[in-house]
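Here is how the chains run, residue by residue.
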Amino acid sequence: MSELAIDVRGLTKRFGGKVAVDHIDIAVPQGQVWGFLGPNGSGKTTTIRMLCGLLKADEGVGTCLGLDFRKEADAIKRQVGYMTQKFSFWEDLTIRQNLELVARVYGLSKRSAEIDATLERLGLVARQKQLAGELSGGWKQRLALAACMLHKPKLLLLDEPTAGVDPRARRDFWDEIHALSEQGLTVLVSTHYMDEAERCDRIVYILNGKLVARGSVAGVIEQSALITFLIRGDNVRRLAESLRHEPGVEYAAFFGAVLHVSGNDRAALERALSRYRGQPGITIEEATPSLEDVFIHLQEQAA
Amino acid sequence: MSAFLRIFALLVKEFLQLRRDRPTMGMILGVPLMQLLIFASAINMNPKDLPTAISVADPGPLSHSIVAALHNSSYFRIVAETNDPNAARRMLQDGRVLFVVEVPVNFTRDIVRGVQPDLLIEADATDPAAGSYAIAAFNNLATTALRNDLVGPFAARAQGPAPFNTVQHLLYNPASITQYNIVPGLLAVILTMTMVLLTCLALTRERERGTYENLLAMPTTPLEIMIGKIAPNIVIGAIQSCIILFVAHYLFQVPMLGSFELLAVTLAIFITANLAVGYAFSTIAQNQLQAMQMTMFFVLPSILLSGFAFPFLGMPNWAQWIGEALPATHFLRIVRGILLKDNGFPEISPDLWPLLVFILVTGTVALGRFRRTLD
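As you go down the protein sequences, you meet chains A and B in turn. One point on numbering: in the numbering used here, the residue at position 255 of the first sequence is 316, and numbering is uninterrupted. One point on numbering: in the numbering used here, the residue at position 364 of the second sequence is 1039, and numbering is uninterrupted.
No lab work stands behind these hints, which were simulated from the structure alone. Errors might be hidden in some of the hints.
With beta-carbon atoms standing in for the labels, derived distance ranges [what the hints assert, rightly or not]:
id, chain 1, residue 1, chain 2, residue 2, range
1, B, T896, A, E283, 33 to 41 angstroms
2, B, V687, A, F316, 51 to 59 angstroms
3, B, I909, A, N101, 42 to 50 angstroms
4, B, T853, A, G198, 26 to 34 angstroms
5, A, E302, B, L680, 51 to 59 angstroms
6, B, V687, A, E283, 48 to 56 angstroms
7, B, F927, A, G77, 55 to 63 angstroms
All values reported here derive from a predicted model rather than from experimental measurement. We put the beta carbon where it would ideally sit given N, CA and C, even for glycine.
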């Protein structure tokens, strides 16, 4: 078994009386890409901030890169690249000036060469003299990635790095992530996109500060024991409301034009659907639940 | 009608926001109250009880009467009596007294003989406004002080010309040129204003723009960040000081008697003190507006209670205590001392160490307040 880049247990954070992160255990082996999923406000950002020493954990023990994550935050900071959710580089500096600042703070030798190489790899050479504030979302995100990669960290903590970024740029970004992980870098990345989750080695789903699912994508889907039927047709929109009230139907949700109807009780689900089968212009078929189905299911269960 | 509804909607929003913005409310209520208190009770355009040293070289009874008359005058507070004129003048140089009254040798004898002796008052005229009423009162002494003594055979002395002459020496600023006082004072006030304002935005701007999180995520220590934020502003302060001093000397002909090196060192200390305050504000303030409000709370007393706008010694004790806690007060004395009185290190050191203590305290507060995490 490979060494663990992150190994924390019982991670807990309270803000006032509210528990933001509730006894979460995370163990990420070196060189893997882990996806961190959960609805807004579920505690993803708080967890990531605790791991890189930006927030003090109220409870929890463990290590980050073999260092005590509570006591050795300074040493961890030097080996971790943290990409904030909101763009946090200096908008009144150029791309190159931002990178130079970071390079100096981390005390890199051969700064100029390192910066040139990073600019080259991320395709920022032509734009290096542009002010960061003038960049579009996709380029800002590249700059942020370039900056948090500059000191060659062993662990990348990425907090919703692709929010608001176009599909092409997202794809490029993920290709870069995979290339980095090939080189042995460990990545923990939070996201709301299912296609991104599916590109992760493992995913962790947290809800209201609690870890509710963990594993490979297929594993998480299997663990849920969810049964999903897909309903297609012209009148399917009208059916949704009545289907939601049928016993055995946990939820009915649209994925594009297709209605996904899911539940854990196969018999009850079949019974509920039998009344709709044979209606003109409607097809009903069973399918493997998608990851999103499982997440909706987990949220419904918690509600 | 719908226009009223829209205006009403906006009004409701404004009031809701105003109610949530406690610091702004604090400023709206606090600043006028502070100004009212200061203007109404601290500011005294006719300062009394001014510290005075008397040097008496004549043991005669009439000089006792002069001393008694000074004691009785509401303008003078006798803090030292000596028979050594040089010791008294040193107190004037150090700024411990504003006036020295010298009763000459044979004062009593000369009056008895009908020779009009000179009663000398030396005034620290760096702030010409501070002493003018007191000097007028001193001149009246010539006719009133000895009224009870000049009886019997000396009754004639009480008639006719005054039994003695009053002579006034306005030291350090003999022509009572207001600019000599105001322009060095402006150095203190302008630096206070710009330095505090510049640095109070240091961290709040990072916080508002979201770059603070990045700053913390990098391996920088609070002290490193503080030095990084303060040092560039010291340069700005130095440039500003050069401009002010240049204008003061060449446009307003303010004398520069003392050591320029000493002035430069104290300037650097004073600038640092103000930057430390600004930085402390920026660790406390949640946004730039709050930081500016805090700056206002600091700058206002620095103008009004430092001795810049009004004579320091004319203020009541509580106002002087507040003044003593402000760097501008001490720097004002130092800069006037160096420029106008040719003061050296020994004379300014009583005002130098409070500046250093101030830097230490505010720097500690700032570092203590600095959050290494986002908690």
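Broken hints, by number: Hints 1, 2, 4 and 5 not satisfied by this model.
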